[in-house]
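Novice: Residue-level listing of the chains:
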Amino acid sequence: MFGELLVTAGVLILLFLGWQLWWNDAIMAGQQSAAASTQSSKWIEEERATRGDAPPPDPADYGDPVVDTSEYGNAEPFAVMYVPRFNSPDTVDSVRTIAQGYGLDVLNSFDLGVGHYPETQMPGEVGNFAIAAHRSAYGGGMHEIEQLQLGDGIFIQTKDGWYTYRFRDFEYVTPDTVDVLAPVPHRPDLQATDRIVTLTTCNPLYSTAERLIAYGVLESWQPLSAGPPAEIAADVARWEQ
Amino acid sequence: MYGALWRILPGPWWLRLLIMLVLAAAAVYALFTWVFPWVDHILNPINVTVE
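Order-wise, the sequence lines are chains G and R.
Counting from 1, one number per residue, gives the positions in the first sequence under the UniProt record's numbering.
Counting from 1, one number per residue, gives the positions in the second sequence under the UniProt record's numbering.
Everything hinted at is true.
Here are the computed distance ranges between Cβ atoms for each label pair: (1) R/Tyr-2 x G/Pro-118: 48 to 56 Å; (2) G/Trp-22 x R/Ala-26: 13 to 21 Å; (3) R/Ile-8 x G/Gln-241: 48 to 56 Å; (4) R/Val-35 x G/Tyr-72: 29 to 37 Å; (5) R/Tyr-2 x G/Gly-227: 56 to 64 Å; (6) R/Val-35 x G/Ala-75: 18 to 26 Å; (7) G/Leu-14 x R/Ile-8: 21 to 29 Å; (8) G/Leu-205 x R/Met-20: 36 to 44 Å; (9) G/Phe-170 x R/Asn-47: 13 to 21 Å; (10) R/Thr-33 x G/Ala-60: 47 to 55 Å; (11) G/Ala-75 x R/Pro-12: 42 to 50 Å; (12) R/Val-28 x G/Ala-54: 47 to 55 Å; (13) R/Ala-26 x G/Leu-104: 22 to 30 Å.
Source of the hints: derived by calculation from the structure; they are not laboratory data.
Bear in mind that the values here come from a model prediction, so they are computed numbers and not experimental data.
Beta carbons: idealized from backbone N, C-alpha and C, even for Gly.
Just need the whole structure built from these sequences, with the hints factored in.
Specialist: Structure below.
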């Protein structure tokens, strides 16, 4: 009897390790990426259906980035994030759905994974589009964040179009540094003129002592009718199938 | 305790084995879905946001 209890305890601990290292990381990452790919394809399909046979617009006619002004409830998805640098070799597995709010119902979800700070700006808007995701476990949407290099693409897709941000720099801060979310980070007193994206996640890896912040600047915008940016067109074609 | 469970279960040996496997699968599902996330949250309160 006592022996059986000990064996059961051992099996439980092994199961927990398996859950944490395999299920909670690899399986959830796959699920989140697949769900985000489906969401992305749905928007592309819808746009195709509405446009019909009309030719795609001329690049000169794209205009200023369209900013989604809809009100989104907590955990409601409104965008998809794709950072090619986060992919595992020879795969396209770093697509993530961005939902409103940064509670565990978003960050630990099987089909979401990235949370938008509701008080910050929306994709393409002048100011700061700030999002958060796990570094490790629960799908680790920003697991490879430290590998970002100057100029790396951070692609955000919404029902309206594609927003291409370019990674600029990192910052390491304490968890209470909310100023990184300001329209001009660290300068809440200033009026924003740039359109930036801010990624926040935990640091160091497997710890919660600090936060790692990655900033990017909007480079260009194109409507969905123009198709995905050339740089990721092949990847998008892979997840659209 | 597993011996007692085996004796309580009805039917021939293969049916008992099937029931045991189903019970084990249900237990693993419950652990993966509810128990482990809860334990993990207590052991390792993950926080990725600034607030």
